[in-house]
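4 protein chains.
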Amino acid sequence: MQTTSPIRVTVWNEFVHEVKNEVVKGIYPNGIHAVIAEGLKELLGENVIVNTATLEEPEHGLTEASLAETDVLLWWGHCAHGKVSDEVVDRVQERVLQGMGLIVLHSGHFSKIFKRLLGTSCALKWREAGERERLWVCSPGHAIVRGLGECIELPETEMYGEPFGIPTPDEQIFISWFEGGEVFRSGCTWRRGNGKIFYFRPGHETYPIYYNPQVRQVLANAVEWARPEGMWTNALKAPNVPVDQAPEKIVAKGASVHKAGEQGYR
Amino acid sequence: MQTTSPIRVTVWNEFVHEVKNEVVKGIYPNGIHAVIAEGLKELLGENVIVNTATLEEPEHGLTEASLAETDVLLWWGHCAHGKVSDEVVDRVQERVLQGMGLIVLHSGHFSKIFKRLLGTSCALKWREAGERERLWVCSPGHAIVRGLGECIELPETEMYGEPFGIPTPDEQIFISWFEGGEVFRSGCTWRRGNGKIFYFRPGHETYPIYYNPQVRQVLANAVEWARPEGMWTNALKAPNVPVDQAPEKIVAKGASVHKAGEQGYR
Amino acid sequence: MQTTSPIRVTVWNEFVHEVKNEVVKGIYPNGIHAVIAEGLKELLGENVIVNTATLEEPEHGLTEASLAETDVLLWWGHCAHGKVSDEVVDRVQERVLQGMGLIVLHSGHFSKIFKRLLGTSCALKWREAGERERLWVCSPGHAIVRGLGECIELPETEMYGEPFGIPTPDEQIFISWFEGGEVFRSGCTWRRGNGKIFYFRPGHETYPIYYNPQVRQVLANAVEWARPEGMWTNALKAPNVPVDQAPEKIVAKGASVHKAGEQGYR
Amino acid sequence: MQTTSPIRVTVWNEFVHEVKNEVVKGIYPNGIHAVIAEGLKELLGENVIVNTATLEEPEHGLTEASLAETDVLLWWGHCAHGKVSDEVVDRVQERVLQGMGLIVLHSGHFSKIFKRLLGTSCALKWREAGERERLWVCSPGHAIVRGLGECIELPETEMYGEPFGIPTPDEQIFISWFEGGEVFRSGCTWRRGNGKIFYFRPGHETYPIYYNPQVRQVLANAVEWARPEGMWTNALKAPNVPVDQAPEKIVAKGASVHKAGEQGYR
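Residue numbers (the working numbering), protein chains in the order written: chain A, 3 to 268; chain B, 3 to 268; chain C, 3 to 268; chain D, 3 to 268.
Hints in this document: simulated from the structure, not taken from any laboratory.
As the structure is a prediction and not an experimental result, all values here were calculated from the model.
We put the beta carbon where it would ideally sit given N, CA and C, even for glycine.
Heads up, none of these hints are tricks.
Simulated DEER-style distance windows between Cβ atoms: (1) Lys85/C / Tyr213/A: 50 to 56 angstroms; (2) Pro8/D / Ala145/B: 48 to 54 angstroms; (3) Tyr213/A / Ser7/B: 53 to 59 angstroms; (4) Asp246/C / Tyr267/D: 52 to 58 angstroms; (5) Glu66/A / Glu58/D: 58 to 64 angstroms; (6) Asp92/C / Pro157/B: 38 to 44 angstroms; (7) Lys261/B / Ala82/A: 14 to 20 angstroms; (8) Glu66/A / Ser258/C: 52 to 58 angstroms; (9) Val21/A / Glu66/D: 56 to 62 angstroms; (10) Ala82/A / Tyr267/D: 50 to 56 angstroms; (11) Asp92/C / Ala145/B: 22 to 28 angstroms; (12) Pro215/A / Asp246/B: 30 to 36 angstroms; (13) Tyr213/D / Val25/B: 46 to 52 angstroms; (14) Thr235/A / Val21/D: 42 to 48 angstroms.
Simulated pairs of lysine-lysine, DSS-like, Cα-Cα distance not exceeding 27 angstroms: (15) Lys261/D / Lys22/C; (16) Lys117/C / Lys85/C; (17) Lys255/D / Lys251/B; (18) Lys251/B / Lys261/B; (19) Lys261/C / Lys27/D; (20) Lys22/D / Lys261/C; (21) Lys127/D / Lys255/C; (22) Lys251/B / Lys127/C; (23) Lys27/C / Lys261/D; (24) Lys85/B / Lys117/A; (25) Lys117/A / Lys239/B; (26) Lys22/D / Lys85/D; (27) Lys255/A / Lys27/B; (28) Lys261/A / Lys22/B; (29) Lys251/D / Lys127/A; (30) Lys22/A / Lys255/B; (31) Lys127/C / Lys22/C; (32) Lys251/D / Lys127/C; (33) Lys85/D / Lys117/C; (34) Lys239/A / Lys117/B; (35) Lys239/B / Lys255/B.
Using the sequences provided together with the hints, build the complete structure.
Here it is as structure tokens:
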């Protein structure tokens with residue numbers, strides 16, 4: 003028997019619409035992050051330690067210290083992407099490259115951190131009409147779909163449609179069918195550096211999506227899937243290997259732009 | 003018989019070491035860009051129209067107008083990555099996502115545009131010792147290796163070593179062997195949006211790398227490979243599809259955070 | 003101006019249902035291959051030389067000689083996959099690994115050659131109900147979608163549904179929406195060896211799919227996209243490199259299972 | 003705290019050279035499989051249950067029953083690939099597609115099961131000269147490199163050289179440098195169906211490779227990495243979805259080649 007320590011999760015939410023919009027406040031009175039955190043605790047119990055963080059906290063609640071103790075970060079944002087500081091985005095990116103898992107939710111497709119890590123537009127079509135969505139499982143047996151049937155059906159959702167401006171996913175977990183006639187790559191994974199990234203589409207704030215048991219199951223599964231297998235602590239370093247430390251004996255030849263012991267350019 | 007119009011190429015170079023460093027000036031008196039441009043013209047003749055651009059030009063020579071007329075952009079930079087304006091990086095990224103090919107050379111692994119498009123550290127090990135390098139072809143028959151044998155041998159190069167902080171390449175074109183004992187993924191392709199990206203390692207400024215006939219052949223091949231097959235002109239748009247324009251007839255239900263006709267959040 | 007020689011295309015069809023089934027015979031009296039060939043000639047004119055081959059011909063019309071003169075092979079099969087000889091499958095596989103393009107159509111997902119090259123089940127869900135399909139473009143600007151709008155709509159098709167048992171595609175070109183509620187990865191590319199592979203879903207024999215102008219456009223585009231960029235002629239060879247021909251001077255040490263000059267095991 | 007059950011491992015070995023060749027018998031008197039099994043038990047202890055199977059056993063020791071109780075299969079073969087029955091290869095492939103992990107070792111690159119799952123030539127260059135090899139870690143922090151430094155150095159190995167005829171790996175774990183001047187993608191992962199595949203190069207039978215502590219560490223890590231996260235039990239099924247069970251209400255239109263309730267063609 004093997005035992006593993008609890009997964010340290012941080013649920014990040016901009017927490018804006020739940021304050022300003024009456025419909026959203028009615029569904030998520032304590033914020034979307036509170037409901038997501040509750041779902042994770044319910045399903046993962048003592049295998050998880052869940053914290054939350056929001057935009058208005060100092061450093062958005064994502065300090066060096068809090069990230070250093072986060073194994074998996076969930077990200078929900080929509081109308082305030084531009085208010086997230088670049089410094090915090092740099093920090094989250096570095097932590098992902100080292101190994102922290104990142105789960106980006108719904109409108110987080112346009113968050114700075116998602117665009118930063120993928121490098122593409124992350125754009126898509128959209129329509130807010132409360133239409134029916136069916137998320138089909140493309141990878142049966144994958145850790146992220148544990149406990150699901152062949153699809154998840156959501157009675158009322160916002161539509162997201164292709165083309166979705168992303169690099170080809172490493173794994174296609176879900177593809178959505180929409181009542182209005184569109185399709186979308188709703189569950190996708192990528193590895194960037196040593197970190198695992200999962201994008202999961204559902205989550206529009208005017209519908210009670212994060213109370214849905216299957217959606218909660220996916221988030222719990224994804225947290226387990228995304229936990230680091232190990233850390234690449236110096237992922238940003240570009241070390242010089244001096245001639246006398248080369249694995250094979252060599253004699254330096256030719257001219258240099260660097261002096262011995264100098265750092266490289268960045 | 004099919005005829006195709008010439009490929010419009012821009013060779014971008016920061017053009018700093020060729021001015022400040024006597025060794026580099028001796029090898030590339032008119033700049034690395036001039037020698038690369040000359041090589042492309044020599045090999046591709048009237049199938050190519052080659053321009054150059056450098057850091058010191060207004061907007062680094064990469065205006066909206068010049069990019070709109072560029073099919074493939076080559077990028078050489080080393081000590082001045084930080085001086086490239088973010089606005090120009092945004093513009094180059096958008097053009098790549100639309101379809102422009104991008105060929106990133108040598109120390110350009112740390113350029114803003116390469117890190118922007120890949121989303122990872124792009125870090126590596128390095129040593130400047132004039133050692134021998136052998137670039138092995140991993141994809142015989144690929145457009146980029148046309149006319150080459152099983153490897154390219156360079157008598158004196160800077161060493162770049164793994165781990166190279168990149169997303170898994172779509173295609174592995176070259177892997178390098180170094181005299182000092184390291185290896186490196188020296189030729190890699192990725193597609194980002196509608197643009198093709200090729201990273202090619204050789205090119206340290208203290209060695210006459212861009213006069214090497216095989217290196218020149220690779221650059222000419224890569225220019226032909228990277229030319230756009232078509233354009234994704236609105237790659238950054240995230241259009242709303244109004245309910246009455248949904249492909250299938252639907253009736254709007256539920257609440258909204260957006261008003262009819264409103265733009266989405268970014 | 004650059005000129006290129008015509009693309010040599012072979013359209014392969016098992017040609018069984020067009021003979022046995024009255025409905026299919028009514029739509030494709032000379033066989034599906036004849037209609038596909040006609041479409042390619044119409045759109046590509048003198049840029050293409052189109053041949054056809056069928057199951058009943060000697061060696062299924064795919065002799066060493068005919069494959070050696072084929073740049074791109076299209077494959078349609080349905081009820082007679084098991085009648086294709088393994089020897090011919092070996093031959094086609096080798097030619098693809100060398101560089102020949104392969105376009106697999108519709109029920110060809112279960113052909114021996116597709117399963118051979120992908121290594122997975124290639125299984126899917128299906129329903130024959132003449133329902134509406136909409137193939138959404140996921141990669142605007144890609145060579146394969148040239149001339150199309152944002153989707154192709156087919157009024158009556160067979161349904162194919164996820165999960166589709168394939169390795170993650172290199173590029174996702176189309177995803178289908180079906181009237182009955184399913185989705186499917188309808189246009190996918192992979193590179194295997196030096197050959198480009200495109201799977202394209204439409205094509206059920208009881209509907210006049212290959213007369214549809216947009217479907218014909220996709221096939222013509224795919225033929226242009228899949229043409230070899232070069233050949234990897236010895237793709238199946240596993241050459242021994244004798245000690246005295248090693249790129250670096252080495253002295254043999256240790257014991258061997260092979261004698262000098264011996265072939266390796268396969 | 004979470005507990006997990008032991009991983010059920012089967013180490014498969016053709017077990018031919020250890021019987022026929024004196025050098026190999028001297029190094030592996032009880033067979034390569036025995037030494038690999040011993041290493042796994044040493045490092046994974048009660049987290050693993052290890053069985054072995056060899057070519058000469060009935061059904062090569064890979065019966066339906068034994069595979070049904072295998073989570074991860076390791077495969078070593080060299081001179082007897084052709085003696086493995088196609089029926090057993092079919093069975094192993096199906097089990098991998100369902101979720102069993104597969105670790106292919108050294109000359110197993112030419113095994114039927116590896117070629118079957120990858121679909122390519124799996125060919126490479128080779129030289130048996132007891133030269134030095136250095137396997138560089140390309141993915142620090144990955145589960146497979148846990149406990150390693152930046153490279154593994156082997157004093158005497160057979161050389162394998164690029165081009166290696168494989169589909170682009172999902173993840174590049176190791177790349178080798180050889181004394182004689184070549185390079186090789188020595189550690190690669192792919193997912194096929196629901197199964198994880200890891201190819202690991204070291205292991206020539208005339209050198210005591212599987213006694214090396216770092217090689218043993220990699221195998222133990224890989225076993226933990228490759229264990230199934232869940233099973234896709236019906237991975238080979240291609241189910242019909244009858245019209246009256248379509249997720250959305252539809253009315254069948256048009257003609258059919260199948261009768262109601264009929265199986266599809268394969």
